[in-house]
Amino acid sequence: EAAVTQSPRSKVAVTGGKVTLSCHQTNNHDYMYWYRQDTGHGLRLIHYSYVADSTEKGDIPDGYKASRPSQENFSLILELASLSQTAVYFCASSEWDSSGNTLYFGEGSRLIVV
Amino acid sequence: GQQVKQSSPSLTVQEGGISILNCDYENDMFDYFAWYKKYPDNSPTLLISVRSNVDKREDGRLTVFLNKSGKHFSLHITASQPEDTAVYLCAADRQGGSAKLIFGEGTKLTVSS
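Chains as they are written, first to last, in the numbering used here: chain W, 360 to 473; chain R, 9 to 121.
Hints in this document: simulated from the structure, not taken from any laboratory. The C-beta atom is built at its ideal place from N, Cα and C for all residues, glycine as well. Some hints here could point you the wrong way.
Ranges of calculated distance between the beta carbons of each label pair, as one might list FRET restraints [said to hold, decoys possible]:
(1) W:Lys-416 <-> R:Thr-53: 40 to 48 Å
(2) R:Gly-78 <-> W:Ser-429: 26 to 34 Å
(3) R:His-80 <-> W:Thr-398: 35 to 43 Å
(4) R:Asp-67 <-> W:Glu-454: 18 to 26 Å
(5) W:Lys-416 <-> R:Gln-22: 43 to 51 Å
(6) W:Ala-411 <-> R:Gln-22: 48 to 56 Å
(7) R:Glu-23 <-> W:Pro-428: 48 to 56 Å
Reference excerpt, derived from the structure (chain W facing chain R, CB under 7 Å, subset only) [claimed, not checked]:
(8) Tyr-390
(9) Asn-460
(10) Glu-466
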């Protein structure tokens with residue numbers, strides 16, 4: 360049973376519109392992340408959170424907001440979607456343990472902005 | 009700048025051969041290093057990881073080598089198989105820091121039969 364689930368899995372949005380990507384985890388992890396995947400760029404960190412009601416900027420936060428209303432839920436918000444935000448977005452959860460910081464990813468959300 | 013870099017976007021290896029994937033990093037505070045595997049239209053999954061207190065870790069056909077002085081780590085896959093064909097992402101992090109796992113750009117490995 361998937362422990363990190365994302366919705367929607369796929370979306371077409373119009374330029375200037377608002378988009379909300381949602382993520383839910385049942386891993387009981389403190390850390391949650393939003394990455395975007397682009398060809399040639401691997402995974403780039405947009406926002407992350409280590410506790411409910413608090414979010415941190417990642418490496419490419421411009422044009423994105425994040426919300427962590429509870430330990431289980433983490434949303435990525437595009438207030439004014441732009442063509443350059445067409446990408447696949449991955450949510451993940453993690454927790455440091457003796458073996459390190461293992462991330463568990465959701466299935467991804469494919470966003471196309473037209 | 010890119011803190012974690014994979015300089016080879018692609019690599020082709022014959023079935024049965026050794027695949028060597030390389031990764032360089034800039035931040036000498038990183039103390040956790042990992043390799044993730046990603047199939048098309050799937051999410052990344054952890055393959056193998058190593059902490060900075062060891063130079064090498066083996067797991068079956070996989071070996072991670074860590075060269076701290078050179079800020080470099082690599083993944084060796086022996087007896088490469090067609091099902092190893094995927095994108096491999098290296099990543100690094102710092103315990104006690106902000107827990108931001110930073111990924112490289114990825115290397116597309118193709119194992120030809």
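Would you check whether Asn-460 of chain W satisfies its interface hint, that is, whether its CB is within less than 7 Å of any CB in chain R? 5 Å, holds
Does the Cβ pair Lys-416 of chain W, Thr-53 of chain R satisfy 40 to 48 Å? The hint (40 to 48 Å, Cβ to Cβ) is violated, given that Lys-416 of chain W and Thr-53 of chain R are roughly 26 Å apart.
Double-check Glu-466 of chain W for me: the hint is only fine if its C-beta lies closer than 7 Å to a C-beta in chain R. Holds, because the Cβ-Cβ distance from Glu-466 of chain W to chain R comes to roughly 6 Å (cut-off 7 Å).
Take a look at whether the Cβ-Cβ distance between Glu-23 of chain R and Pro-428 of chain W falls inside 48 to 56 Å. 49 Å, holds
Do the beta carbons of Lys-416 of chain W and Gln-22 of chain R sit within 43 to 51 Å of each other? 44 Å, holds
Is 26 to 34 Å respected by the C-beta to C-beta distance linking Gly-78 of chain R and Ser-429 of chain W? Check failed, 43 Å falls outside 26 to 34 Å.
Hint check: 7 Å Cβ-Cβ cutoff, Tyr-390 of chain W to chain R: 5 Å, holds
Taking 48 to 56 Å as the hint, is the beta-carbon distance of Ala-411 of chain W and Gln-22 of chain R inside that range? Holds, since Ala-411 of chain W and Gln-22 of chain R (Cβ atoms, about 50 Å apart) stay within the stated range.
Taking the Cβ atom of Asp-67 of chain R and the Cβ atom of Glu-454 of chain W, is their distance within the range 18 to 26 Å? Holds: the Cβ-Cβ distance is about 21 Å, inside 18 to 26 Å.
Is it true that the C-beta distance of His-80 of chain R to Thr-398 of chain W lies inside 35 to 43 Å, as the hint says? Once the Cβ atoms are compared, 24 Å apart, the range 35 to 43 Å for Thr-398 of chain W and His-80 of chain R is violated.
Hints 1, 2, 3, counting from the list given before, are not met by this structure.
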